[in-house]
Amino acid sequence: MNKYIRWQGLLTFVGFFAVLFLLVYLFAAPLMRWGLTTGLTRVNGAEVNIDKLDLRWSPFALELQKVQFTDPETPELNRFQADRVAFEMQLLQAMIGRIYIDELNADGIVMGVERESRGKVRADYIAEREAEGDTPTWGERFAELGFEFPDVDELLERSEIRTPEVIETTSTRSRESRDNVEGRRDELPDSERIESYEERLEALREARPRSIEEFEELRQTLSELRDDMRTDRDAVREFKNSVESAYQQVSEDVQRLRDAPSADIDRVRRLIAMDDDAISDMAGILFGPQVQRWTDYALVAYDFVAPMLQREAEDKPTRWEGRHIDFDRGNRPVFLIALATTSMRIGDVDLALRWDNITWQHERIGSPTTYRLELSETPYWQSLNADGNFFINEAIEFSGQQQWALQGAQLSAQTLLEQRDIRIDMAEAMINSRGDIRIENGRFSGGGNADLSAVELSTEGERSWTGMLGSALQQINAFDLDIGLEGSIGSPRLRIDSDLDNQLSSALSGVVQEYASSQLADVRARLQGQVDEALGDIQPRLEQIQQLRSLAEERESTLQGMLDEELDNLRDSARDELENRLRDVIRGRLGGG
Amino acid sequence: MLGMLARLLKALNSESGPWAIAWAFVLGMIMGLTPLFSLHNLVILFLAMSLRVNFSGFLLAWIFFSGVAYLFDPVADWIGEALLQADALQGLWVSLYDNPLARLLQFNHTITLGSLVFALAFAPVWLFISYYLIINYRKRVQAWFVKLKVVQALKGSKFWSVYQRVNGLRGG
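As they're listed, the protein sequences go chains A and B. Residue numbers are given in UniProt numbering: position 281 of the first sequence equals residue 281, and the series is strictly consecutive. Residue numbers are given in UniProt numbering: position 28 of the second sequence equals residue 28, and the series is strictly consecutive.
Derived by calculation from the structure, the hints in this document are not laboratory data. Nothing here was measured: the structure is a model prediction, and the numbers come from that model. In this text, a Cβ means the ideal position worked out from N, Cα and C, and glycines have one as well. One or more of the hints may lead you astray.
Stated by the list, open to error - Quick look at which bits of chain B chain A covers, simulated, 3 or more residues with Cβ under 8 Å:
id, stretch
1, 48 to 60
2, 92 to 98
3, 126 to 139
As the list claims (entries may be wrong) - Covered stretches of chain A, going by a simulated chain B footprint (3 or more residues, C-beta under 8 Å):
id, stretch
4, 5 to 12
5, 88 to 101
6, 217 to 228
Whenever a hint applies, use it, and build me the whole structure from the sequences.
The following block contains the structure:
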């Protein structure tokens, strides 16, 4: 025997594997916990925690305590959490890739609960999400609305108010015009000069030309006087024109100044005006997260299956890695949980959900996975019924349907929206809901409706607009939500329509109008005050210009009067006087000779 | 590695049975050509350790054929695919499929089955080839080999000192 057997080697081999098996036996539970945590984290896209894993070898059974799946979209929350998951399975079958579980129990299932610490999100999940592009969360959508009603100072700042600029321009121009015409006032002939004209005229009136020479002299004097007066009159005209022009300019500026507040008020009004489209998403913003949570519960069945399908889809070997060929003529599924009872906690209520035939190979077992909500009466609602089923064929095409009917459920007080500037709370509400969701070729369709009544909404926030939104929300005490579901399994998308938007729009419109009136009155008063103050300075300047214009008109009129009448009359009378005198002289000479 | 080669040369040059070395080459060939992490390789390792075959020869053959396996995988895949798809064998495969031990042996994996079947079929041939080579090495090559200038040069190298040390240890 010793000729063929190397005892030392044989014992080394046996010893090595005995130690290896012993280590596996002793550390099977932590190893399995590590393996499960790692594998589930990969499928989940974010950290999965299992607080404790208990292992029993015969019959082979696992019990997991406090299983937490981090929500990769909100790592502060667990998308799924169970206090305890326990099941027995056939170990030998499991070793060859067949997971058969006769009965699985999961207790204390909750969704969307806060984690003790933020979960880690896998880098590949983040890269994939970034490649897909971010869809804004409901909270971000609220921020995008730019839901804001500015106070008077902000309004003045943001509305491109032009009144101060008009005041500045008008004030400067009126001062310049006034200074300009004042500076040219010296060009006006003063009263002494006018009086000197009078005196010179008077002297001419008194004059009695006795000869042609005297007449000629008188005419010369008259001509000089006329030239002087014409020069002054032209200067007065020129002055008057410039004063007229300045007066016109300042008058127009004053009118523009008077109109400026109105134009600004229109601008402010446009800024305050409520855009109806802005509140078309309010139902989604307020109830989106809540509906999302309800939907998470409603779709918990598909959350179980989606990772399995993903695993199935990933199992595609490359050419030279070879392939495993399936010879199962019995068409047994590789994964089957014959019966699962899960206990879900919503608020203070435990919902028992019974599942039959959980697998993704329904064609092999010839029946769909079915699930049904089982619960006793609770003080939180009058009735609740929900059941559904799904079937996945060999081509991994998913089909199924699910329906629910909830009557008279009392919603507890909760915060609907919490952001830096605002918090919206719902003190209470009663809800009735009914819905039917279908899945064809892996895509969701259908949805449900939720009628909310006896709703009490309130807001908290320091900004003025939060109070207005609160006033509008307080006017609403009943509305309905139409919830549509679309998208594929694993990434369902919610569509929420509601008459809440219309109601809120109408209520807000009234509140905003009231707010706008008071704000506009404030703005108008503030602008009018500025204009009045400016007019207090400008109006005297305008009056000064007006006085100068009157003075110029008067001087022009005097000079023109003298030019038009006195000088012509004087020339005519002097000529007549001379003619009479000449006639008398001629007559005397003729008579005496 | 040098030590392992030295041990092999010592075995070749010693009075070790040529069958012991040839069987080691065969076991190394099977383990090298087939995927390493297969249950049948545990059996091969068990045989290599517990039977009086030359272990250094086994390890060197395993390393050599592991390199060859990279080129051989497409052939193994083709053989495995042909066998697993053969109508005549469907009954056998279907019955084996329900046997957990057979599943653990990964009989339904194309490369595993193809390479194992080839290695087993090639084993008798390789056994006699190895035996023939060892005998002829001892008869003809050894004396001629020792006289080669390159071997003379080798005797002054590190390899020779390792060889001598191994020889000394074994001899002592």
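Hints, one by one, checked against the model:
Residues of the stretch 48 to 60 of chain B lying with their CB closer than 8 Å to a CB of chain A number 6, which satisfies the three-residue condition for coverage. By the rule of at least three residues with a Cβ nearer than 8 Å to a Cβ of chain A, the coverage given for the stretch 92 to 98 of chain B holds, with 5 such residues. Residue count for the stretch 126 to 139 of chain B with a Cβ under 8 Å from a Cβ of chain A: 0. That is fewer than the three needed, and the coverage hint is violated. Judged by the Cβ-Cβ criterion of 8 Å, the stretch 5 to 12 of chain A is covered by chain B as claimed, because 6 of its residues qualify and three suffice.
A stretch counts as covered by a chain when three or more of its residues have a beta carbon under 8 Å from one of that chain; for the stretch 88 to 101 of chain A and chain B the count is 5, and the coverage holds. Only when three residues or more bring their CB closer than 8 Å to a CB of chain B does the claim for the stretch 217 to 228 of chain A stand; here the count is 0, and the claim is violated.
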